[in-house]
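Q: Position 38 of the sequence shown, counting from 1, maps to 37 under numbering that gives the first Met the number 0, and the rest follow consecutively.
Please keep in mind that the hints were generated in silico from the structure rather than gathered at the bench. Keep in mind it's a predicted model, so treat the numbers as computed, not measured. Built from N, CA and C at the ideal position, the CB exists for glycine as well. Among these hints, one or two may not hold up.
[Said to hold, decoys possible] Derived DEER-like restraints, expressed as beta-carbon distance ranges:
id: 1; residue 1: T1; residue 2: L31; range: 37 to 45 Å
id: 2; residue 1: V45; residue 2: R65; range: 48 to 56 Å
id: 3; residue 1: P9; residue 2: M33; range: 29 to 37 Å
id: 4; residue 1: V45; residue 2: F6; range: 49 to 57 Å
id: 5; residue 1: A54; residue 2: L31; range: 50 to 58 Å
id: 6; residue 1: A52; residue 2: I13; range: 52 to 60 Å
id: 7; residue 1: S61; residue 2: F27; range: 25 to 33 Å
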Amino acid sequence: MTPDGRFVEPDTSIKPTLGVIVARLVAFAVLLVMAAVAFWMALFIVPVLIILALAGYAVARSQAHRRPLGW
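Could you put together the complete structure from these sequences and hints?
A: In structure tokens:
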């Protein structure tokens, strides 16, 4: 913005080269793939962890019923 309140037009002569555009697209694609893989891993691992936790709880409860806390 100029001192008198007008906006200055941006310099349009500086444009990214084709290599820069391709590099940005490749970086975005790699990050998108990594995010998708992390999402799918979480989607499959969380139910397995829940099942293992329930199984561990059941085993701990059954062990507690078999043997009292004292020796």
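Q: Would you mind marking each hint as holding or not holding in the structure?
A: The hints, checked one at a time:
In this structure, T1 and L31 meet the distance hint of 37 to 45 Å, their C-beta atoms being roughly 41 Å apart. For V45 and R65, the Cβ-Cβ distance of about 31 Å falls outside the hinted range of 48 to 56 Å, so the restraint is violated. The beta-carbon spacing between P9 and M33, approximately 33 Å, falls within the hinted interval of 29 to 37 Å. The hint said 49 to 57 Å for the Cβ distance between V45 and F6, and at roughly 51 Å that hint holds.
Our hint of 50 to 58 Å for A54 and L31 is violated, since their Cβ atoms are close to 35 Å apart. Taking the beta carbon of each, A52 and I13 are about 56 Å apart, inside 52 to 60 Å as hinted. Look at S61 against F27: about 51 Å separates their beta carbons, and that is not inside 25 to 33 Å.
Hint compliance for this structure: hints 2, 5 and 7 are broken, all remaining hints hold.
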